[in-house]
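Novice: When you get a sec, could you build the whole thing from the sequences and use the hints?
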Amino acid sequence: MSRRPGFVLEVDKSTPPTLFWNGEGFTLETLPEGSRVIYAPEPMKALEDPYGAIRHALLHPVGDRDPLPALLRPGMKLTICFDDISLPLPQMEAPDIRQMVIETVLDMAAEAGVDDVVLVAALALHRRMTEPELRHALGDRVYDAFAPHGLLTQHDAEDPDNLIYLGQTDQGEDVEINKRAATSDLLVYVNINLVSMDGGHKSVATGLASYRSLRHHHNPQTMRHSRSFMDQPSSELHSSNWRLGRLIAESGVTVFQIETTLNNDTFPSNFAFLQKREWEWSLRDRATYGATSTALAKVPPRLSRQIFHSIRSPHALASVQAGEVEAVHALTTANVWAQQGVDVEGQTDILTMGLPYICPYNVNSIMNPILVACLGLGYFFNMYRGKPLVREGGVVIMRHPTRPEFHPGHHPSYIDFYEQVLTQTVDPTEMHKEFEESFATDPWYVHLYRTGHAYHGVHPFYMWYWCAHALAHVGRVIVVGGDAKAVRRLGFSPASSLNDALEIASDVVGPSPTLTHLHNPPILMADVH
Amino acid sequence: MAGSGLRGRVRTARFPLAAPSWPTTVERPDPERKVGLDYDHEWSRRYPVRLARAVVMDNVTRPVARLLAPPTVRGLEHLQHLDGPVIFAANHASHIDTPLLLTTLPVEFRHRTIVAAASDYFFDRTWKSVLWSFSLAAIPIERSKVNRKSADTAAELLEEGWSLVIFPEGGRSPDGWTQPFRGGAAYLARRTKRPVVPVYLHGTRHVLPKTPEPGTRAPGGSGSESSRGGRLRRSPIAVLFGAPMTPDEGENAHRFSDRVEAAVATLSREVHSDWWQARRAVSAVAPVAGAETAHRGPEAPDWRRAWALDQPPSRSRRAEWPD
Chain A
185 MSRRPGFVLE VDKSTPPTLF WNGEGFTLET LPEGSRVIYA PEPMKALEDP YGAIRHALLH
245 PVGDRDPLPA LLRPGMKLTI CFDDISLPLP QMEAPDIRQM VIETVLDMAA EAGVDDVVLV
305 AALALHRRMT EPELRHALGD RVYDAFAPHG LLTQHDAEDP DNLIYLGQTD QGEDVEINKR
365 AATSDLLVYV NINLVSMDGG HKSVATGLAS YRSLRHHHNP QTMRHSRSFM DQPSSELHSS
425 NWRLGRLIAE SGVTVFQIET TLNNDTFPSN FAFLQKREWE WSLRDRATYG ATSTALAKVP
485 PRLSRQIFHS IRSPHALASV QAGEVEAVHA LTTANVWAQQ GVDVEGQTDI LTMGLPYICP
545 YNVNSIMNPI LVACLGLGYF FNMYRGKPLV REGGVVIMRH PTRPEFHPGH HPSYIDFYEQ
605 VLTQTVDPTE MHKEFEESFA TDPWYVHLYR TGHAYHGVHP FYMWYWCAHA LAHVGRVIVV
665 GGDAKAVRRL GFSPASSLND ALEIASDVVG PSPTLTHLHN PPILMADVH
Chain B
10 MAGSGLRGRV RTARFPLAAP SWPTTVERPD PERKVGLDYD HEWSRRYPVR LARAVVMDNV
70 TRPVARLLAP PTVRGLEHLQ HLDGPVIFAA NHASHIDTPL LLTTLPVEFR HRTIVAAASD
130 YFFDRTWKSV LWSFSLAAIP IERSKVNRKS ADTAAELLEE GWSLVIFPEG GRSPDGWTQP
190 FRGGAAYLAR RTKRPVVPVY LHGTRHVLPK TPEPGTRAPG GSGSESSRGG RLRRSPIAVL
250 FGAPMTPDEG ENAHRFSDRV EAAVATLSRE VHSDWWQARR AVSAVAPVAG AETAHRGPEA
310 PDWRRAWALD QPPSRSRRAE WPD
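Just so you know, the sequences run in chain order A and B. Residue numbering for the first sequence follows this note's numbering, beginning at 185 and increasing consecutively. Residue numbering for the second sequence follows this note's numbering, beginning at 10 and increasing consecutively.
Wrong hints could be hidden among the right ones.
Partial pick of chain A residues on the chain B-facing surface, computed with a CB cut under 8 Å [claimed, not checked]:
1. Ser198
2. Thr199
3. Phe210
4. Leu212
5. Glu213
6. Glu462
7. Trp463
8. Arg470
Residues on chain A that point at chain B, a partial pick, calculated with CB under 8 Å [as the list claims (entries may be wrong)]:
9. Pro201
10. Trp465
11. Tyr473
12. Gly474
13. Ala475
These are calculated hints, taken from the structure and not from any lab test. What you are looking at is a predicted structure, and each value in this text was computed from that prediction instead of being measured. Every residue gets a Cβ at the ideal spot worked out from N, C-alpha and C, and that includes glycine.
Specialist: Set out below in structure tokens:
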């Protein structure tokens with residue numbers, strides 16, 4: 185049977201309750217009649233021979249690039265950069281795509297007699313990856329060949345000795361990136377493109393940049409004018425990264441971009457019900473739902489978190505393309521939309537969403553309240569092209585426990601942001617002016633970022649900036665089932681049930697609003713007409 | 010009461026405890042049914058299932074069949090020295106043919122024999138597929154056209170040591186006379202190099218007649234076949250096994266199939282005479298005109314064909330009408 189495209193369901197009397205993520209768990213909610221539920225397209229067929237496809241892409245690049253073997257020669261300086269732990273979500277079953285691509289690149293480099301090869305994890309201001317995480321992403325063969333010799337590195341945005349200033353764009357944006365990468369004869373970037381915002385010039389211009397460079401596009405102004413992040417022509421974040429990327433190219437950095445897309449087969453078979461349409465649940469699906477939701481309700485959050493983070497996704501390689509950055513990314517974006525795009529007619533008064541246990545910034549970690557806001561308003565809200573799913577002045581209802589819990593090792597500055605900044609203001613512009621600098625330059629946060637596994641001190645601000653467009657657009661944000669104090673701290677309204685939330689929302693959107701639910705998983709992108 | 014409370018709860022159970030309802034705005038696709046030729050019948054040949062089938066066959070089906078249709082069985086000696094699987098090719102007049110034939114097989118064949126059954130009739134529903142796979146070790150066969158999957162499955166099972174019952178007419182006779190044989194049995198014999206044992210089943214149409222097709226039912230004829238179609242009736246039968254046959258060198262499936270059909274015709278003559286008379290009728294030296302196709306009945310109007318159909322064997326008649 186051919187795969188079914190995305191689908192918008194109109195809820196009627198016969199529609200069974202709809203699945204909502206609820207952090208480390210899930211629940212079924214009965215939506216009002218007439219509501220719409222958006223379901224993602226079914227997974228694309230995986231490439232049958234991924235290694236063969238990767239090799240073919242490297243030998244047949246797109247855009248103004250020679251085949252990779254032609255770019256490799258003895259005595260050259262080669263740097264291979266790769267996306268970090270934030271992709272894909274959840275972590276995929278071994279072998280990871282990065283491992284497959286990098287092994288193929290290294291095979292070609294070895295064949296060409298290239299001796300000077302360094303691998304760089306493109307962290308930007310993310311936390312450093314642990315050894316098990318690196319081994320999972322790269323495979324033992326790559327890790328053991330490079331890490332013991334110091335040739336497997338992680339980008340340090342605070343290391344003045346390994347940053348190079350390349351200049352300023354015509355918009356006054358500073359470009360400062362990883363020195364090793366910028367001074368190599370060839371920079372091979374290995375990307376995993378989960379959503380259309382990923383990849384392209386953003387890979388190098390953001391992933392290998394310093395705070396000095398990142399601040400030009402990771403700010404409330406840029407974020408508010410990215411409508412949406414996923415809609416490249418309408419994204420100021422995209423435009424800024426493209427300006428930076430072109431300046432990097434003009435500075436003589438030769439980038440050989442390798443981009444991959446995944447199908448949306450997100451959860452293994454024992455959680456298959458999560459990504460099925462509820463009326464198609466089999467007896468097994470219902471039994472699994474019942475057993476897991478009951479069990480998860482009885483175990484402490486710490487244990488359920490461990491269970492969920494141990495899940496490995498059966499994501500499979502759906503496409504791979506290589507060559508010049510912009511030509512590659514045009515193909516990649518088309519492939520992402522082919523997998524995730526759903527046509528939706530018109531906006532809605534209320535947008536509902538269940539938020540899962542994971543976002544790009546809490547892999548093997550805790551989903552703290554700031555990340556809850558970022559996932560809901562920064563990511564899910566922005567999963568559109570054309571117009572936002574929810575109308576201006578509408579309401580977003582999110583479901584998540586939103587516990588005020590933080591991972592002290594991974595998110596130290598988040599704790600202070602929650603206690604010191606959010607208690608003063610939830611306005612992105614105001615906090616940008618008042619607080620960002622002090623957090624970004626705090627030597628303790630810098631130390632933890634450089635030597636531990638902490639996100640950069642400025643990172644919680646960026647997460648809040650991701651919400652800037654949604655915060656300016658919607659009339660109210662309601663969190664169902666969340667810790668009331670934490671929800672209020674975020675500036676949102678707590679509700680104990682969906683019905684309560686709809687009651688609260690009626691103050692903003694009237695008594696007979698339209699409602700649209702963004703069904704997740706898997707992720708989807710709405711093409712709103 | 011606790012019981013009624015539980016029943017009430019079960020009745021009012023909602024999704025996900027109960028199966029989900031289907032939104033009326035969503036078109037319901039045709040269910041993906043693995044029936045017909047796609048039915049996976051491999052389970053029916055696993056040891057526990059074979060054991061259960063043997064228990065049912067020997068302790069339920071066989072005694073009931075003997076009671077319902079006391080058989081006269083001839084020619085079992087042809088099976089005594091056979092080594093390995095064979096293809097039983099029989100005429101077909103009634104649904105009861107298969108269980109009656111299986112229950113008259115010697116024990117060394119009875120529990121190691123599969124039955125080729127029409128996929129469009131016996132495997133068109135899941136419950137039917139399960140029922141016939143279990144009770145008769147049936148496998149689905151495409152009867153309206155040549156199908157590689159059907160042929161491959163049957164050939165593989167023959168090669169694995171399973172004997173096969175097949176009705177080369179491709180369906181039950183509409184009037185009791187034998188229809189021309191199709192080439193499936195002969196093809197499988199050539200392909201697997203296993204012998205064909207011709208079988209003639211006599212009188213089974215009296216036990217369970219074929220229900221006439223809608224529109225062909227005779228108007229209210231008391232005692233006519235139409236009035237009792239599809240109902241079981243006690244009546245004696247005869248099962249005659251012929252000598253195993255193998256294709257001659259260079260003989261194609263079509264010609265071999267004709268020979269098998271002729272062998273069944275010869276067996277049909279034995280019912281009213283004896284082996285010697287039947288053999289003489291098809292003798293190469295002094296053949297009786299039309300003997301090889303006598304089992305197909307006279308070229309005549311329906312009533313004459315019905316009139317000319319033979320009667321149950323005499324031994325059974327004695328039992329039915331004692332002096």
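Novice: Now look at each hint and say whether the structure bears it out.
Specialist: Each hint, compared with the structure:
1. Ser198: 4 Å, holds
2. Thr199: Holds - the Cβ of Thr199 of chain A comes within 8 Å of chain B, reaching about 4 Å at its closest.
3. Phe210: Violated, because the Cβ-Cβ distance from Phe210 of chain A to chain B comes to roughly 11 Å (cut-off 8 Å).
4. Leu212: At about 7 Å, which falls below the 8 Å cut-off, the nearest Cβ of chain B leaves the hint on Leu212 of chain A intact, so it holds.
5. Glu213: Not OK, violated: Glu213 of chain A not within 8 Å of chain B, min 12 Å.
6. Glu462: 6 Å, holds
7. Trp463: Where the cut-off is 8 Å and the nearest Cβ of chain B is about 4 Å from Trp463 of chain A, the hint holds.
8. Arg470: Given a least distance of 4 Å, the restraint on Arg470 of chain A holds.
9. Pro201: Pro201 of chain A check passes; min Cβ-Cβ to chain B is 6 Å, inside 8 Å.
10. Trp465: Holds: closest Cβ of chain B sits about 6 Å from Trp465 of chain A, inside 8 Å.
11. Tyr473: Since chain B brings a Cβ to about 5 Å from Tyr473 of chain A, closer than 8 Å, the hint holds.
12. Gly474: 6 Å, holds
13. Ala475: Violated, because the Cβ-Cβ distance from Ala475 of chain A to chain B comes to roughly 11 Å (cut-off 8 Å).
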